[in-house]
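J.: Residue strings, one per chain:
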Amino acid sequence: MSVALLNLIETTLNGLMAGVMYSLVALGFVLIFKASGIFNFAQGVLALFAALTLVAFQTGQVPFAHLVNAIFGTELHKWGPGLPTFLAILLTMLVMVALAFLIERLVLKHLINQEPIILFMATIGLAYFLEGFGDLMWGSDVKALDVGLPSGGSFWWEDVTREWAAEGSGYYGMYVDLLDVSAAIVAVALVVVLSLFSQYTATGRALRAVADDHQAALSVGISLRTIWVIVWSIAGFVALVAGIMWGAKSGVQFSLSLIALKALPVLILGGFTSIPGAIVGGLIIGVGEKLAEAYFGPMVGGAIENWFAYMLALAFLLFRPQGLFGERIIERI
Amino acid sequence: MLQRIDETAPLLSVNNIEVIYNHVILVLKGVSLSVPRGGIVAILGANGAGKTTTLKAVSNLLRAERGEVTKGNIVFDGAEVQSLSASELVRRGCIQVMEGRHCFGHLTVEENLLTGAYTRRDGRTAVAADLDKVYAYFPRLKERRRSLAGYTSGGEQQMCAIGRALMSRPKMILLDEPSMGLAPQLVEEIFQIVADLNAKEGVSFLLAEQNTNIALKYATYGYILESGRVVMDGAAADLRENEDVKEFYLGVGGEGRRSFRNVKHYKRRKRWLA
Chain A
3 MSVALLNLIE
13 TTLNGLMAGV
23 MYSLVALGFV
33 LIFKASGIFN
43 FAQGVLALFA
53 ALTLVAFQTG
63 QVPFAHLVNA
73 IFGTELHKWG
83 PGLPTFLAIL
93 LTMLVMVALA
103 FLIERLVLKH
113 LINQEPIILF
123 MATIGLAYFL
133 EGFGDLMWGS
143 DVKALDVGLP
153 SGGSFWWEDV
163 TREWAAEGSG
173 YYGMYVDLLD
183 VSAAIVAVAL
193 VVVLSLFSQY
203 TATGRALRAV
213 ADDHQAALSV
223 GISLRTIWVI
233 VWSIAGFVAL
243 VAGIMWGAKS
253 GVQFSLSLIA
263 LKALPVLILG
273 GFTSIPGAIV
283 GGLIIGVGEK
293 LAEAYFGPMV
303 GGAIENWFAY
313 MLALAFLLFR
323 PQGLFGERII
333 ERI
Chain B
4 MLQRIDETAP
14 LLSVNNIEVI
24 YNHVILVLKG
34 VSLSVPRGGI
44 VAILGANGAG
54 KTTTLKAVSN
64 LLRAERGEVT
74 KGNIVFDGAE
84 VQSLSASELV
94 RRGCIQVMEG
104 RHCFGHLTVE
114 ENLLTGAYTR
124 RDGRTAVAAD
134 LDKVYAYFPR
144 LKERRRSLAG
154 YTSGGEQQMC
164 AIGRALMSRP
174 KMILLDEPSM
184 GLAPQLVEEI
194 FQIVADLNAK
204 EGVSFLLAEQ
214 NTNIALKYAT
224 YGYILESGRV
234 VMDGAAADLR
244 ENEDVKEFYL
254 GVGGEGRRSF
264 RNVKHYKRRK
274 RWLA
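As you go down the protein sequences, you meet chains A and B in turn.
Using the working numbering, you'd call the opening residue of the first sequence number 3 and step up by one each time.
Using the working numbering, you'd call the opening residue of the second sequence number 4 and step up by one each time.
If you are wondering where the hints come from, they were derived from the structure by calculation, not from laboratory data.
As the structure is a prediction and not an experimental result, all values here were calculated from the model.
Do not rely on the hints blindly, as some may be mistaken.
Calculated Cβ distances over 12 Å to all of chain B for the following chain A residues [what the hints assert, rightly or not]:
#	residue
1	88
2	123
3	131
4	149
5	157
6	199
7	206
8	212
9	213
10	218
11	220
12	224
13	315
Each computed DSBU-like pair below joins lysine-lysine, with the alpha-carbon atoms no more than 35 Å apart [to be verified]:
#	chain 1	residue 1	chain 2	residue 2
14	A	111	B	174
15	B	136	B	32
16	A	251	A	145
17	A	111	B	249
18	B	32	A	111
Some chain A residues close to chain B (C-beta under 10 Å, calculated; not the full set) [to be verified]:
#	residue
19	113
20	169
21	207
22	215
23	219
24	221
25	253
26	255
27	308
Where is the CB? At the ideal position from N, CA and C, for every residue including glycine.
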């Protein structure tokens, strides 16, 4: 194989991996939008909050330590050596469920029957609140997150691909980050679990029913409030997974909440209501921006990666506003 | 609070209710009616008379449309409806089949039926047995059990919606406009099944219909609503013979065409607490 072809394959592979990371965030949006017609602006912050909480459990941070220290002049920092990763993840999940419950109680319950735009505004408020609250609770410093996933390039893959190039071409092999590979595997597992859940359990069926027709769901005795708690818990879980992956990749910091902005074009591409859409949309954007950067970047001085996704989304808005897999967007009550 | 349920008391009694939408729009101006155990009662009237609102007040689905019962009360099976949630009502055996079917389009017919059993806690085998029962009443649904409900015909969707309600083991089904958009033959078929369910399963029905003819054929008692008020009620047989009902709702005039000048207006009867 020629080096150019190998480079193309490498770029595509890395694009796919990056795309999976976008899909993970987009997935959370889709789940909530499907079940309640709410565009959840806070999804990115949920991921940040989950990652912060996870790190805190892992390292044994005392919540609100800075605040308490400032008021009472104490010297609190850690309550112990921290919890093992598995336990920390479990506890974080519980926190996310509690959060979902609180969101339903304090926000959504009071906004039943309001216009979608009002709910959307509420989620913006929620996003800012959670960001500040997370800051107050766990501190604003950048934290490293290590959940024991492999990271760094794969030497094995490098060796394998080096063989593919022609003798003496000086090709040094492909670089694939192991962390990206694990993220891809986790994402696939997540989608499989979610589809099985929604397809084969009574609760999953109820979720789909609510997504289809609120009124009818009410009429057969499905409680919307319960469903919302469940959906937000699942979205919290997806946010946790996304938070772990992104946090392990680039550290847990407040810019993590901005990944939500990258998920937006993914949603426009894939459609707001389709889980496969979120995945495929993410992959297309990941591959598209990496390829564009590698092949057209040099012509315009680079940085295509930053805006490519939005251009693509814009094109989609013009020609196929419902996205690749989305149903026609119908007003919901 | 434990209430003794009087078996001779009506299953449902609606006592002089007033319903307001959006805090301003008065839709029901004092409606009273009752459904005896094992009865089929029809609410008749033109568009906008308040039939659907009455049904939704009973099934407690009004709140989802910013409607509110501001006066009067509704008692179902010994319990005050207003203090129960919609899902609690379904659990207690009062379920609504909404106007326009409202099947879950992206779910298969069988999944639709199963959502009807959402509030039940009596185990898979009992639900499976009821599923078979529903298929026995609606053999057509069995043939189409694997297809998405959105792709089935209007008649099949109506059957699906009724079947779904049956899956909750109801004491009473509130049936809103079952004839809407269906061929006369199908309407007849559906009402036949309603009568069957009533006779064999002991399910009571409160149905809202514009098709007065067929409704009075199958119902035992009827109420006629006009702009938010009950203007007439009586046994179905009496209503069928009533000259006014014949003229206004059944489309059989007394003696040929008449001038609009001679059209009679009902003298509205005020109804107080039943």
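J.: Now tell me, hint by hint, if it's right for this structure.
T.: Okay, the hints, checked on the actual structure:
no.: 1; hint: 88; verdict: 33 Å, holds
no.: 2; hint: 123; verdict: 19 Å, holds
no.: 3; hint: 131; verdict: 27 Å, holds
no.: 4; hint: 149; verdict: 36 Å, holds
no.: 5; hint: 157; verdict: 47 Å, holds
no.: 6; hint: 199; verdict: 14 Å, holds
no.: 7; hint: 206; verdict: 10 Å, violated
no.: 8; hint: 212; verdict: 9 Å, violated
no.: 9; hint: 213; verdict: 8 Å, violated
no.: 10; hint: 218; verdict: 4 Å, violated
no.: 11; hint: 220; verdict: 5 Å, violated
no.: 12; hint: 224; verdict: 5 Å, violated
no.: 13; hint: 315; verdict: 25 Å, holds
no.: 14; hint: 111/A <-> 174/B; verdict: 30 Å, holds
no.: 15; hint: 136/B <-> 32/B; verdict: 40 Å, violated
no.: 16; hint: 251/A <-> 145/A; verdict: 11 Å, holds
no.: 17; hint: 111/A <-> 249/B; verdict: 48 Å, violated
no.: 18; hint: 32/B <-> 111/A; verdict: 30 Å, holds
no.: 19; hint: 113; verdict: 13 Å, violated
no.: 20; hint: 169; verdict: 56 Å, violated
no.: 21; hint: 207; verdict: 6 Å, holds
no.: 22; hint: 215; verdict: 6 Å, holds
no.: 23; hint: 219; verdict: 8 Å, holds
no.: 24; hint: 221; verdict: 5 Å, holds
no.: 25; hint: 253; verdict: 40 Å, violated
no.: 26; hint: 255; verdict: 40 Å, violated
no.: 27; hint: 308; verdict: 37 Å, violated
Checked against the numbered hints above, the structure violates hints 7, 8, 9, 10, 11, 12, 15, 17, 19, 20, 25, 26, 27; every other hint is satisfied.
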